[in-house]
Structure formats: structure tokens, C-alpha cells
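*Asks:* Chains as they are written, first to last, in the numbering used here: chain A, 1 to 178; chain B, 1 to 82.
Watch out, some of these pointers could steer you wrong.
[Stated by the list, open to error] Listed below are the simulated DSSO-like cross-link pairs for lysine-lysine, each with C-alpha atoms no more than 27 Å apart in a straight line:
#1 B:K48 - A:K164
#2 A:K164 - A:K104
#3 A:K161 - B:K15
#4 A:K50 - A:K67
#5 A:K104 - B:K48
#6 A:K161 - A:K68
#7 A:K164 - A:K58
#8 B:K48 - A:K50
#9 A:K120 - B:K48
#10 B:K48 - A:K31
#11 A:K58 - B:K15
[Stated by the list, open to error] Per label pair, the in silico range of CB-to-CB distance:
#12 B:T40 - A:G83: 31 to 39 Å
#13 B:L65 - A:K68: 23 to 31 Å
#14 A:N82 - B:G69: 47 to 55 Å
#15 B:I33 - A:R144: 19 to 27 Å
#16 A:P15 - B:Q10: 39 to 47 Å
Hints are computed from structural coordinates only; laboratory data are not their basis.
Where a beta carbon is used, it is the ideal one built from N, C-alpha and C, also for glycine.
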Amino acid sequence: MATDKKDNHWKEDFPVYQLESTQVSRRDFAKFLCLVSGGLAVGSGYVAIKANFFPPDKMVGEHFVCKKHELPVGGTRSFVINGSTIPYILIRMENDEFRAYEQKCTHLSCAVFYKPGSGKIECPCHNGLFDAFTGEVLAGPPPRPLPRLTVVIKGEEVYVKDFKPDNDKPDPNRQSRS
Amino acid sequence: MSNFREAQNQAHPNKTNTLMLALIMILILNVSIQVWLLYTALNNALEKNTDIAFPSFIASSILFLIGFGWLYFLPSGPRVTK
Numbered sequence: 001m002a003t004d005k006k007d008n009h010w011k012e013d014f015p016v017y018q019l020e021s022t023q024v025s026r027r028d029f030a031k032f033l034c035l036v037s038g039g040l041a042v043g044s045g046y047v048a049i050k051a052n053f054f055p056p057d058k059m060v061g062e063h064f065v066c067k068k069h070e071l072p073v074g075g076t077r078s079f080v081i082n083g084s085t086i087p088y089i090l091i092r093m094e095n096d097e098f099r100a101y102e103q104k105c106t107h108l109s110c111a112v113f114y115k116p117g118s119g120k121i122e123c124p125c126h127n128g129l130f131d132a133f134t135g136e137v138l139a140g141p142p143p144r145p146l147p148r149l150t151v152v153i154k155g156e157e158v159y160v161k162d163f164k165p166d167n168d169k170p171d172p173n174r175q176s177r178s
Numbered sequence: 001m002s003n004f005r006e007a008q009n010q011a012h013p014n015k016t017n018t019l020m021l022a023l024i025m026i027l028i029l030n031v032s033i034q035v036w037l038l039y040t041a042l043n044n045a046l047e048k049n050t051d052i053a054f055p056s057f058i059a060s061s062i063l064f065l066i067g068f069g070w071l072y073f074l075p076s077g078p079r080v081t082k
């Protein structure tokens, strides 16, 4: 055969038998588990350092979104803040209040949308439901409320700014929802 | 001078299976606890409860060190004579 004439000395340079390369011994498995363990410890360290020393930047100042008349009652408008890539959603509720939330579901970052007339924000990926008035989770897998922005109305113009719970005054006209 | 591993292999040559099983089970248990710690720390950090992150990191590091030290008792398997 033609292959017999080839120089087969390369096999001496790579003395790995097929059996050794395909089978994983329990010894190797235990070492691999230890490697995974080290990776998880490093990951925990990264989370701890990022959370304590490098918190996410807060939104500074107020940002113009749109004119009030551009958004019909029950309508929504997607927007991004200049210098950021985070998508937000502005909702004009049925009682003429405005709400603004991050448009990424807190479960797996799918885009959420407002269901007009229901007072609920829905994530279509896994049927997560959020309260459109507060951003709290009502149902489904999302572990956290939707991050919220404070909406400021100045005449006909709608602005958003960083959310502070003190700004959230209870609305006397708000109806209780079952 | 022989170490623990050599003495163990000579005195109890049939016990490597048990030892290996115990070792792997404890490593899997450690890794499971570490996954839970990381999940909890991450979820709390995203919810702006950062107090849990460092205790979780310390616990995770201790579990890793336990698993790493545990490897000393790994049976060496049959000696291959060349």
C-alpha cells in the first residue's frame, strides 16, 4: 500500500493512545470537579467585587423622551437614553399616568410589552407578568421587579430621570386590581 | 520514606473504589453548594443587596480549598511499569 511507504515516525512524537484520549478516568473527573469549583469561587469573587466596588452608573439628570400628545392613552413608546444602550419603555396608562421601565425582562432579558387595558406588562418568552403601575412581578419566572424610571411631565414634554422610591407618590385615583 | 497514599495503597489495595466514590461525591456536593452560593449572590447583587456577596465569596473559596486539599487523597491507580 502507498501508505506503508510514508514516514510514520510522527507517532513517536504523539504517544497518545486512542483509548486514553476517549476515556475519562475517575481521577481526571475528580480533578475536573475541582477545576469547576475553582471557577465558581472566582465567579463569586467577581460578583462580590463588581457589586461592592463597581456599581452600575446611575442616570444623571432628566432626559427628554417625547411630547405628551405623541403617545395615545394605552400606548407605549420605546426609547434609549443618549450614551446608553439600555432599552426603555414609556407607557401612558389608561388613567393618564405615565410609567417608564427597562424593557428587558429580569428573567432572560426578553423584550417586555404593555398589554393595553390590563395594567400588566407581559414578557412573551416565558409568560412573565409585571404590574404596570409598580413594576413588581405578578406571575411567571422573573426573579426581580422591572427597573423603573421616574417620569416627569413638564407642560407637554415628557422627561425621565433616575427612580427614587420617594418620588413614587400613591395615586388616589388608582383603582385596586384583583 | 512512604507517604499516606503509598501506605494506603499497600495496606488496603481494594479500598480505592470506596475512597474514589466518597471523594467524587464530596466534590459534587461542594460544587452544588458553590452554584447555589453564586446564584444567590448574583440575584441579591442585581437586587442591590450587596451585603451577601462577600460572605458568599468567602464560603465559596473555603469550599474550593477543601476540594483542592481533598485531591491529596485521590487514589493513584495501578502503577504502570515501563
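*Asks:* Keeping to a limit of 27 Å between CA atoms, is the pair of K104 of chain A and K48 of chain B held or broken?
*Replies:* holds, 17 Å
*Asks:* For a C-alpha distance cap of 27 Å, please report whether K48 of chain B and K50 of chain A respect it.
*Replies:* holds, 12 Å
*Asks:* Checking one constraint from the list: CA of K161 of chain A to CA of K15 of chain B, max 27 Å. Satisfied?
*Replies:* violated, 66 Å
*Asks:* Against the 27 Å threshold, does the CA-CA distance of K50 of chain A and K67 of chain A hold or violate the hint?
*Replies:* violated, 38 Å
*Asks:* Has the hinted range 31 to 39 Å been met by the Cβ atoms of T40 of chain B and G83 of chain A?
*Replies:* Hint holds: Cβ distance 33 Å, inside 31 to 39 Å.
*Asks:* When you check the alpha-carbon spacing of K164 of chain A and K104 of chain A, does it fall within 27 Å?
*Replies:* holds, 20 Å
*Asks:* Note whether the CB distance of N82 of chain A and G69 of chain B lies within 47 to 55 Å or breaks it.
*Replies:* holds, 53 Å
*Asks:* I want to verify a distance hint. Is the separation of the beta carbons of I33 of chain B and R144 of chain A within 19 to 27 Å?
*Replies:* holds, 23 Å
*Asks:* Given the hinted pair K161 of chain A and K68 of chain A, is their alpha-carbon gap at most 27 Å?
*Replies:* Cα-Cα ~16 Å, so holds.
*Asks:* For the pair supplied as a hint, K164 of chain A and K58 of chain A, confirm whether the alpha-carbon distance does not exceed 27 Å.
*Replies:* holds, 11 Å
*Asks:* For the pair we were handed, K48 of chain B and K31 of chain A, check the Cα-Cα distance against 27 Å.
*Replies:* violated, 35 Å
*Asks:* Kindly confirm whether 39 to 47 Å is satisfied by the beta carbon distance between P15 of chain A and Q10 of chain B.
*Replies:* Since P15 of chain A and Q10 of chain B have Cβ atoms about 30 Å apart, the given range 39 to 47 Å is violated.
Checked against the numbered hints given earlier, the structure breaks hints 3, 4, 10, 11, 13, 16 and satisfies all the rest.
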